[in-house]
Amino acid sequence: MKRLVTSLGKVFGPLTKLGIRPQIAVLFFALLFVPLFVRDEFTLRLLITSLMFGGLAMAFDFTAGFINIVNFGFAAFMGLGAYSSGLSVLKLGLSPWLGLIFAALLVGIVGFGLGVLTIRLGGIFAACMAWFVALALMAVTANWVDLTKGNSGLSVPPLFVTIRNMPYYYTILAIVILVYILLAVISSSKIGLAFRAIGQDVVAAASSGVFATKYKIINFTISCCLAGLLGGFYAHFVGVLTPQVLHTRNTVEIMVISYVGGRGTIWGGLVAALLLVPAMDYLKGLLELRLIMYGAAMILIMIFYPRGLAGLWTSGADYLKRKGVLPDTSTVSVSKGKTGQNL
Amino acid sequence: MEMLQQSWDIIVTAILRGGLYALMAVGLSLVFGVMNIANFSHGEFYMIGSYFAFFGITEFKFGPLPSIIFAGLAAFAIGMIVERGVFNPLRQKSKKGWLMNTFLLTLGVSIIMQNGVRMIWGSRYRGVTQFWPGRTKIFTSMEIANDRLVAFIIAMITITLLWYFLTYTRTGRAIRAVSQDETGASLMGIDLNWIHTLTFALSCMLAAIAGASLLSINPAFPTMGVNPLYKSWFVLILVGMGNIWGSIYGGLIVGLLETISIYRFGAGWQDVISLIIIILILLVKPSGLFAKKGVKSVLE
Amino acid sequence: MKQSKLLCLCLVVLILAMSLSFTGCGRGASKPDDGRKIVKIGVQGPFTGPASRVGDEFKAAIQMAFDEIGNKIGDYEVQFVWIDCESDAEKAARAYEQAIVRDKIDVGFNTWHSWVSVALMDIAAKYKMPHFLSFGATEIVNQKYKSDPEKYKYWVGKTWPTPSLLSIAYVEAVNEAIEAGLWNPPNRNVAVYGVDNDWGRDFGNSVARQFEDAGWTVVTREWVALGETEFYPLLNKLQQLGASVVVGSMSDPPSVSSFIKQSREVGLKSLIISDGLGWVGEWYELTGDASNYVLDQIPQWTTPAARKFKDDFAAKFGFEPGASTAGLMYDSARFMIKIMQETLKEHGALTQENFAKIAEKVRTGQLTFKDGIIMKEYKYTNDTFPDPVVGEEYYIFPVIQYMNGQGRIIWPSSWKDEDIVIPDFLKQ
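Chains as they are written, first to last, in my numbering: chain Z, 1 to 343; chain F, 1 to 300; chain D, 1 to 428.
The set of hints was computed from the structure by calculation and includes no laboratory data. A couple of the hints might just be wrong.
Said to hold, decoys possible - Derived pair list, reagent style DSS-like, types lysine-lysine, alpha-carbon separation capped at 27 Å:
#	chain 1	residue 1	chain 2	residue 2
1	D	K427	Z	K91
2	F	K137	D	K151
3	D	K269	F	K137
Stated by the list, open to error - Here chain Z is said to cover these stretches of chain F; the calculated rule only asks that three of the stretch's residues, wherever they fall, bring their Cβ under 8 Å from a Cβ of chain Z:
#	region
4	56 to 64
5	280 to 286
Glycine included, every Cβ here is placed at the ideal spot set by N, Cα and C.
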């Protein structure tokens, strides 16, 4: 066992240095082959949704867990991406693929603008401002009927001609892998260290020469950009958009996934999404009771296990190391995972 | 004359609209100031208040006023239970990441209450046609239902009583002391746990009174708390934390913004217009319009 | 510290285990081997979420309809798969695909929101799953169907026609009243209001167009947020515009009852048309006599069978059914039963393929339903599809005027209880 892990460590060594965690690399590797074994269209769709939420949760965690700003308007940025991708295809005649990129850029620009205006103040202020902007965006989407068709819903052309779920699955998997690599590499680089420093103590970080506002804006822009990209995917996958996509309800859903996964870890959100989304789906028959359990589980986790799934993994790995089952190689990334908890 | 009449109508409407927002926002502000909790379950206590007032009238045959008081007391009790069951355990365990953790806790509470109510009482609308029959005319071209006036007066009286309680009673002063300096307050022998529980329960009571006194306008149903919650957050952020009288102005400002934008731009755009103006105000004055020095502000 | 963590973990595991066993019981999904024949019908609806009230009425009405036939179609036992859309297109599509792939439903039935219909049409086309009788009513469904009728032919019929097909009745009712000399309005201005969602806008815009076609002037269109209960500013504006008719639709009871009550408070001097005021059974408890003189277009519990259904429903489920939700759903469910019986009679087995075959007959009007408690005949033709045939002998909502909690039919003239009553404050 020990030898196996050590040799695996050699393979993953370079990856780990980049900040990519071996367990996630293995997970992605496994996910690549899922469609070979799973012929069930519904399971694929469930995985697509889970991956989509996983991607969103990672992008959310990138601001919430690192620079300690909770983007409470996150779903609206995703929704903005969805609408701008859909509309660019419908009105400008772009191909859906260009639409995705257009959405990512546009939402990135909006995020940048908002960041410049609000983020220097930080904390709950930035959270509330993002939220207000989100509510305003939702109201605009509902009222600008000539453009968005408002609450009647906007039919959006799909990404693929085929109606099978498989191509969508590989698309979202590719997007999520990209998102993960991008976020993991950034967060383990020097910039990432700066993010953490800012998130933990703005005053100290500023006095130690880190130009806090600049980094925060960079971070916020990247996160919004990714939300836009995933929103674009949502649009072409589901095929119909309503202003409800921008609703705070969805922000809460993403936020819960990211927090249950573990703050400041990036990968926690992905794993949590892959567990929570199917679990919630499985419990659908319970109607309200399901949501009550969801609320109760949320409260219990927040009180008793605020570090989330990533924390569970870390303590598990620590335990195994103490027992000598695992070699003590990846201490660097583990300790990083821990510091991320200090909100 | 026409102009004058019109603006007067707008102002009366805005005041009536804003009174409720103020009452909700005061409770929110209290909990944020004392406990440092960004409460997102506040609207659910508004909903609970509405339900209890309904049962007070239809099941227990109380009059309107006793029903509203009954709703307030019931929400007070539920608020105590929630604080003891949810926030207190977390405070005993860890204060790390307190603001965010409690924020998620309140979301959990909100989900449980909304769906619990739906499970127990179903999703039918429970309302009464009116509390106090009749209408009143106050220098306007329109008549206003007595219910609405009384609801506004109840809101103002409640806020005044709260202000009196916080300023002139021992417990009230203890609450303010905790909001300014928790450690210092506990050194003075103030029982922090009790103060926190009391504050949360009081805040729930205020929300419930708002919900109960508007029962004839807004029938009780499980998701009714969402709108008042949002509006009271607008007020809270706009005026800044820790200023009870500020919440009244804030309520009126938000009420006025919405009324005018409905009037000028059409009903759908009120959220857009009022939010944009609030955002602009905040960009210039991030700590809020009436933030008090020395009290926890949004900046923290 | 450690102990409580362990405790929490145990709790979570316990909850999960409990819930798994719960749902495990609920999903005794696989077909039994004992030779019993089972047909699975997947019913879409908003069973949780913001529109769950409608979902409750749907479920109850469907159960009543199927209980009457002992839950049997021939020798088939009917099993329901309740597919919850949560008022969200993505979740609805996922749940629908799950029902098709996992629960192996044989046929689909019903929806509520139009956007859910649009999302599901693709899934139904993908699996060639015939899906009968959906409520999703607005124009967007028709557009999607017409974009590729061959592909979307599995989406069989709307229970509720496009709003414009029904709303014309208001214009006719008002114009007939004026021609008959019952009312002499001060001007031919109409103000349009409505809830800001697919339904409210679609209704408001189509009725506005119809009033314009009839020579009226639309002075304003106002959309209010779902759940809004403060209408003084809006009503003041309408008051000052001085339109003779104020027309619109709000789908949520708190809004509509507040609107009506407050319009009386500000003394609005207009004839109010409030489409959908009576959609929930408890509307009169909320509105009171402020609803007098208001026009609405809603089916009435006119026949003895309808009244019996209403009383049975209230006795069984403890709340008043709405004629246009539970009532219409009851008809729709019984039409569905007829479709299933017909399928069995003609093709001998209740399978997806056979349902798809029978869909052709429904679409072309060979298979219709005449025993409804709300409508005379539910029928589709090639010309109207996906809308039902609208007309006095087919599908029509009468225009009614409320008086002391009762709705009295004032249009069409052949059904009329009474002439429209114009209150004194509307007479000049």
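Run through the hints listed earlier and report the numbers of any the structure violates, in increasing order.
1, 2 and 4
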